[in-house]
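Peer 1: Heads up: take any position in the sequence shown, counting from 1, add 4, and you land on the numbering used here.
Just to be clear, a hint being listed does not mean it is correct.
Simulated restraints on C-beta separations [to be verified]:
| hint | residue 1 | residue 2 | range |
| --- | --- | --- | --- |
| 1 | 58 | 181 | 38 to 44 angstroms |
| 2 | 46 | 105 | 48 to 54 angstroms |
| 3 | 69 | 104 | 53 to 59 angstroms |
| 4 | 117 | 177 | 31 to 37 angstroms |
| 5 | 122 | 51 | 27 to 33 angstroms |
| 6 | 48 | 166 | 22 to 28 angstroms |
| 7 | 123 | 59 | 44 to 50 angstroms |
| 8 | 55 | 78 | 17 to 23 angstroms |
| 9 | 124 | 183 | 21 to 27 angstroms |
| 10 | 43 | 183 | 55 to 61 angstroms |
| 11 | 152 | 79 | 21 to 27 angstroms |
Everything labelled a hint here was simulated from the structure, so no lab data went into it. If you're wondering where the values come from, they're calculated on a predicted model, not measured in any experiment. The beta carbon of each residue, even a glycine, is placed where N, CA and C say it ideally should be.
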Amino acid sequence: RDRGAVLLPWLARRSMACLLRTSATADPGGRYRQRGFTLIEMTVGLTVLGLLVAMTIPAYLSYRQSAILKSGAQQIVTMINVARELALRVNDNVCVKLPSPTTMSYTLGGCSGSVWIGVGTDSAGNVPLPDGVTVTTTANPVFNYVGAALPAATYTITNAQTSATLTVSVSLSGRVTIP
Numbered sequence: 005r006d007r008g009a010v011l012l013p014w015l016a017r018r019s020m021a022c023l024l025r026t027s028a029t030a031d032p033g034g035r036y037r038q039r040g041f042t043l044i045e046m047t048v049g050l051t052v053l054g055l056l057v058a059m060t061i062p063a064y065l066s067y068r069q070s071a072i073l074k075s076g077a078q079q080i081v082t083m084i085n086v087a088r089e090l091a092l093r094v095n096d097n098v099c100v101k102l103p104s105p106t107t108m109s110y111t112l113g114g115c116s117g118s119v120w121i122g123v124g125t126d127s128a129g130n131v132p133l134p135d136g137v138t139v140t141t142t143a144n145p146v147f148n149y150v151g152a153a154l155p156a157a158t159y160t161i162t163n164a165q166t167s168a169t170l171t172v173s174v175s176l177s178g179r180v181t182i183p
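Construct the complete structure from the given sequences, taking the supplied hints into account.
Peer 2: Structure below.
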């Protein structure tokens, strides 16, 4: 037999095996076989993977919506604490108002005082609330120069998509918590 005629098919099979990231091996009869996955095995594997992904998507979406709500509540706590720290810094009363369900503002000297304009506010003194949530309150708390709040208030944070709610409480001592 011509050695070139035997070598050429072997090289072709060998190079194809490299392209497919499989290996070619000879069985006891001298024939070469490809090792790798069959089309059926790949189809079954991809189907199982697809089912796993399909089962986890609802759980992920639920987690994401609850995370948006929790994050919004934590940001509201931070914004109310900023008003408390402002009252301590300027040694005056600071009122926390909600001009709309998506904005918050601080007024100096009580709720009828002048609007505070500073870091994080727009030109009208409004601080935008986190995206994806709306906020309502039972009262506009006023922090005094020692950090106490009068009246106590409860803020209700609502997820705009799921209508799930969390509350943020402002106590008379000025402590702001998510119960």
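Peer 1: State the violated hints by number, sorted upward, taking the hints as numbered earlier in the document.
Peer 2: 3, 4, 5, 6, 8
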